[in-house]
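Chemist: Protein chains in written order, with the working numbering: chain U, 1 to 432; chain H, 1001 to 1461; chain Y, 2001 to 2286.
Be careful, since some hints might not be right.
Unchecked claim - Pair by pair, the computed Cβ-Cβ distance ranges are: (1) 369(U) x 1119(H): 22 to 32 Å; (2) 1261(H) x 319(U): 51 to 61 Å; (3) 36(U) x 1303(H): 28 to 38 Å; (4) 1132(H) x 279(U): 16 to 26 Å; (5) 1306(H) x 249(U): 51 to 61 Å; (6) 311(U) x 1119(H): 50 to 60 Å.
Simulated from the structure, these hints should not be mistaken for lab results.
For each residue, glycine too, the CB sits at the ideal point set by N, CA and C.
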Amino acid sequence: MTNPDSQNQALTTAQKVELSLKKRYRAEARFKAFGLASICFGLLALVVLFSNIIGNGIGAFQQTDIQLEVTFDKDTLEIDDASDAQQLAIANFDGVIKNALKARFPDVKSRRDKRLLYGMISIGASFDLRDYLKAHPEKLGSTETLWLLADDDYDTYYKTLKAGEPFVGRMNEKQQAWVQSLLDNEQMKSSFNTRFFTSGDSAEPELAGILGALVGSLLTLLVTLLLSFPIGVAAAIYLEEYAKKTKLTDFIEVNINNLAAVPSVIFGLLGLAIFLNFFNMPRSIPLVGGLVLTLMTLPTIIISSRAAIKAVPPSIREAALGMGASKMQMILHHVLPLAMPGMLTGAIIGMAQALGETAPLLMIGMVAFIVDIPGGVTDPATVLPVQIFLWADSPERAFTERTSAAIMVLLAFLITMNALAIWLRKRLERRW
Amino acid sequence: MSISVLLVGMGLMMVAAFFLGRGRSLAVAGEQRLNSLPSFYGILTALWSILPGIALLGLWSIFDSNLIEYAALKHLPEALQGAPESELGLVMNQIYNIANDKYVGEAPVYMIEAANAIISMQKQSAWLQGVIVLAAMFIGAAVVWFAINPQMKARNRVESLFRVGLLACACIAILTTLGILLSVLFESLRFFQSVPITEFLFGTTWSPQGALRADQAASESSFGAVPLFAGTLLIAGIAMIIAVPTGLMAAIYLSEYAPQRFRSIVKPLLEVLAGVPTVVYGFFAALTVAPLIRDIAVSIGLNEYVNVTSESALAAGLVMGVMIIPFVSSLSDDVINAVPQSLRDGSFGLGATPSETIKQVVIPAALPGIVGGILLAVSRAIGETMIVVMAAGLAANLTANPLDSVTTVTVQIVTLLVGDQEFDSPKTLAAFALGLMLFITTLALNYVALHVVKKYREQYD
Amino acid sequence: MTEAALKEAKQPSEINLESGPDAGEHQTVGAPFHDNAKITVRNVDVFYADKQAVFDVSLDIGKNEVIAMIGPSGCGKSTFLRCLNRMNDTIDICRVTGSIKLEEKEILDTKIDVVPLRAEVGMVFQKPNPFPKSIYDNVAYGPRIHGLASRRSELDEIVETSLQKAGLWNEVKDRLHAPGTGLSGGQQQRLCIARTIAVSPEVILMDEPCSALDPIATAKIEELIAELSENFTIAIVTHSMQQAARVSNRTAYFHMGKLIEVNETEQVFTNPDHKLTEAYITGRFG
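Please construct the entire structure, taking both the sequences and the accompanying hints into account.
Modeler: Have a look at this one:
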């Protein structure tokens, strides 16, 4: 194992290499372990994040109901005809509920305790009773056993009690005893919380739902998509098919790439200064939100559309031009249809980005407390991420639960959109 | 005429213009051969009808509210007309509320008069707008209609309009940048008229809420932004300490060591982290991470030496770091994959171990690209808003203690601008000055980063 | 030879291997074995996934000889060469069976450590691939990672002698700290050779080392190979028959993954034993 050069050296190359090997392999193993640890850290963060959100939020899909004997007493309700909508609108269902509670817990005497007792049932229950009586006018005067929506404190207490670790919160011992008495008589149950998906925001956690924010998000996204997709595709076509290498084109390119990395809150400032202050557009509406998000997502859409156009083989362009098609015809008839799946993929990713965006919408005032479900792009609205932000600020534990649930809904939308984009891209890849 | 009715009308008019133009071309052609397909004449007519229509509609919508407001001012008493802008704004707000039926209570007579004037003007304006827009569309279509002859190069004209339209769309990128620059610059300049720029850049006390109540002297609020810059850097620094090594090592492991199957599963999973909205991270940081960090710090007795709060820079930075991991890792992955295989072969051929090859050949070769990626990540960390708004707090402490609460530029922008604001107070304008700083910083970072990455890519192309 | 000709050569219809004298058994003709063998190769097959690229190759590479491997494109000669220091490991789907011994050591043994192996069997690649480092660091890279020099002066000496042996010293001695990528193509390839010999390997594998170079640079590399053959065992894959004739002692001819003939270079080019070899060197294909 020698060669003439190393003959006069004490050690051969092979021996020297052998000497260093152990140390080098330790370094190798350390390096590899560090790499694997990094990945594990990332995955762990993902698991912790998701399990935390799901653990916190899964409860919000259940609501707690309390069974009471409700007497639709004419005197308490102060009406005499349950089929008259006007009378129903002013009827005192609160009194009915209070009576039912008093009847269920006759021992409660002091004013303070009574107030606590009346808080057991959500104020939303009186609306439910009105709807019930509207549907069954003949029940006026009769006594029914009904499930009524519990207040959020009781809701939280019941859910944590079932999980084995009661969260007392603001509940005093008497209140806890009432819950125990209800439980003993099987007068408390959980049911699926449809209200969460069918109502707008509310100051009462047990009544708050995400429909308003969801519709707001969809309207905002609609505006964004309708504006940013055509404009983005048009810009991409210009840059790929028409633009010669001029100063203007270079400048446009630099601008697009930079805008893709500008913080979103800056787009909020732009929206505030230009759309709200200069153009005097109203605050808190999906139209303005959509405009701001359009400007924000345009770079993403332009960049991905350009990539899709680039992927169309030049031979197809040459074939079209060779047949005597004009440039516009070549683009509209050949390039655009072939590039469309790629462009759609980019658009979906851009929309997913816009759907999760919060900061710029705060700037243009989409943070208002809005109970109504928006009916159009000019109705005041909020969006899902902003709703999450608003709820996250509320101290009640029931709102924490709803925040997590709203996050789950938002993530479900985002995952669906991204999965759609991946599916489209997979299909596209097989083209050539 | 409501806007939706007008839009439908415009659509119908455009369709009509198309068919009229097309019919006209066929009619004038007779025996002659048309220069272009008949539908091109139709499209040309339609375009020349809809374009002026849209332009007028846009201009009208932009200016009519300003004009109406200007006209409504005439209904106000002489004394009010000369009032400062902020006071006038309040009055106008009330008047608009009356006009929109949102006003509760008794209003002064002049306000009701002004509100009535506004309502009637709005109605007139809407009608006038409809008539003018439709008339413009008609005139546009008619001009083309009369000009149609068999020699007219309709296709070429449509193509050049098409091209101009595309160019206009491409220019929106420039307009956006310009819009951002002008809007923050303009308001910033107004801010620097009341607060000297040196105080803003070098002052160490930040308390913009000082002038919140009118009876307080404006001097009580101060706008020294140094604590904000320091807080931003602290949080971004923590985030980068987490994200850069983790992201880079994850990218290296995935591209150099991991088998294909592992890579195809783990890579998308890591990218999920990048797709999670920042508000979710903010919620996670505020609700879970921040209390955890505080509890740990207290349990090991750190609170005896330093200030430990429940809104800590560490919590925000940590979560932000996690958010940026996939960003760093996918950018690094790209640049590492761009390093030619021949360099790796050269190193392996000499008997280097994989880690030696990576550390001494691949990383140095990919360094410019990695640095570019890190700069983009820094820019992202600096501009990140929701995590810090929800988890970092509002206290403008000038501290290097990561367990203390600090505030950042973006937090202050959001806090100063969310909710009702008067547009002239230095407090509101300060947000735009901060926005200007943020924009300049991130723009510079992005520009350098993109330039470096581009040069890097050209090297191996 | 043109691309088209190369493609045609791959068509079995052009030259029917099965009709040859050794049909089916791939018996190598000539003298594949050597008395003083440095590397002994026996029955080596190489597969890329399901596709077999090298069929049953047996061959000896003698100490301090230069063996040239020639054959049409895609004949498996480069793939075979890369087996000799396990560079095929970097390709996931590649599988090698059979036996390759470096003196007494089994190279294909999965337990064998490729790191010291590659220090003993160095490799020079088709395209010059200097690291994006200085000339000095390029040459010092191998000695550094293998811990061959304990002092700076020793390292300096290794770098200098390696560059001298690669015939590059006089051209670069004044700019040792300039980037290696700034050199011309031929210089880069000589730098890569210097980098390889700095580790003082016993065998140097060269995979078409001149294919990316101009004739003058090629001549210099060929000269260098002749000098290096005094100290090293060299296996060179080449496209150019002239090059093989100029630099090698023995020549091995590969065809469609099979080793057809190994003989003294002179014999291969004047009086080949196999008609496929004859067809190749007379330019009938490839």
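Chemist: Hints broken by the structure, by number, lowest first?
Modeler: Hint 2 is the one this structure does not satisfy, whereas the remaining hints hold.
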